[in-house]
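Chemist: Chains as they are written, first to last, in this note's numbering: chain F, -3 to 97; chain A, 31 to 174.
Hints listed in this document are in silico derivations from the structure and should not be mistaken for laboratory results. Predicted, not measured: the structure shown is a model, and the values here were computed from it. Check the hints yourself; a few may be wrong.
To be clear about the criterion: a stretch of chain F counts as covered by chain A if any three or more of its residues have a C-beta under 8 Å from a C-beta of chain A, and this derived list gives those stretches [as the list claims (entries may be wrong)]:
{"no.": "1", "region": "27 to 36"}
{"no.": "2", "region": "41 to 54"}
{"no.": "3", "region": "74 to 83"}
Below, simulated DSSO-like cross-link-like pairs (lysine-lysine); rule was C-alpha separation at most 30 Å, straight line [said to hold, decoys possible]:
{"no.": "4", "chain 1": "F", "residue 1": "Lys44", "chain 2": "F", "residue 2": "Lys22"}
{"no.": "5", "chain 1": "A", "residue 1": "Lys35", "chain 2": "F", "residue 2": "Lys22"}
{"no.": "6", "chain 1": "F", "residue 1": "Lys22", "chain 2": "A", "residue 2": "Lys141"}
For each residue, glycine too, the CB sits at the ideal point set by N, CA and C.
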Amino acid sequence: MASTKPLRTTSPESDVLVKDAVETQKPWNVIVWNDPVTPMTVVVVIFKRIFGYSNNKCTQLMLAVHHEGRALVWSGARDRAESYCVKLQVAGLQSTIEQDN
Amino acid sequence: MAGSKLFVRRRDGRIEVRINDYGRSIVRGSFSSVLAAERDPDHEWHVVLSGPIDPSLDHDNPIAMLTRQNETSTNAELAGLTVDEQFLTDAEAWAWLTTLQVALRSTVQTKGLLSDEQLASCDEELLTYVQTLQQFLFQLADCF
């Protein structure tokens, strides 16, 4: 005779735990910092090559770095943020990652 | 050298290098310095090349740091191997651009040239070196 007991149950507690876990996974931001010597066209070329963004978007990001001292150039999973940050540093731009507030 | 193009993208996709012997000597020195800095922890540029990925942590992800070290060295090696070439492939030109940019940023950071005012007041030889690298980078970027 088959048991009437369900094999898996979902308690209200586990629902709450899953919800919390999702909410705490904030995206990681890749930040590029300004310096006084890098030619603007070099920054645009590096953004295009690494992210594949349009010329307009790369120019906007470059101007944001230039005028505001820093700009958020990509946001998402931590491992990809680290990978992009490394690529930017290898290309000679000052870059760091930080978790979104 | 002013007034004429130093790097020209040809129809076959290669990039022609038109810098003279003096320019090549500056480029060669920059490539050598980047490679030496990546390999020598005591080199004055090493601290710039090993900057933090995530400043909120005491230690960065070692795999990411090793990747950065390998890629920087690979670019500098490729750039050094092609420093006397007249024509560069796209990958070789990219290695030139990234290595020159690393050299430029390492120079200004280690010399404390962090503002336009500090740059304007530095000695003439250093200023000429910085401006030469900027000119090479500006023109090479135009080929991409």
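Chemist: Does the alpha-carbon distance linking F:Lys22 and A:Lys141 stay inside the 30 Å limit?
Modeler: Not satisfied, since the Cα-Cα distance of roughly 38 Å exceeds 30 Å.
Chemist: Would you say the region 27 to 36 of chain F counts as covered by chain A, given the rule of at least 3 residues with C-beta under 8 Å?
Modeler: holds (count 5)
Chemist: Do the alpha carbons of A:Lys35 and F:Lys22 lie within 30 Å of each other, as the hint requires?
Modeler: Given pair A:Lys35, F:Lys22 is violated - Cα atoms ~47 Å apart, limit 30 Å.
Chemist: Check whether the Cα positions of F:Lys44 and F:Lys22 lie no farther apart than 30 Å.
Modeler: Since the Cα atoms of F:Lys44 and F:Lys22 sit roughly 26 Å apart, the hinted pair holds (cutoff 30 Å).
Chemist: Just to make sure I understand the rule, a stretch counts as covered if three or more of its residues have a C-beta closer than 8 Å to a C-beta of the chain. Does the region 41 to 54 of chain F meet that for chain A?
Modeler: holds (count 4)
Chemist: Given as covered by chain A, does the region 74 to 83 of chain F meet the bar of three residues or more with CB within less than 8 Å?
Modeler: Check passed, 5 qualifying residues.
The structure is inconsistent with the numbered hints 5 and 6, although it conforms to all the rest.
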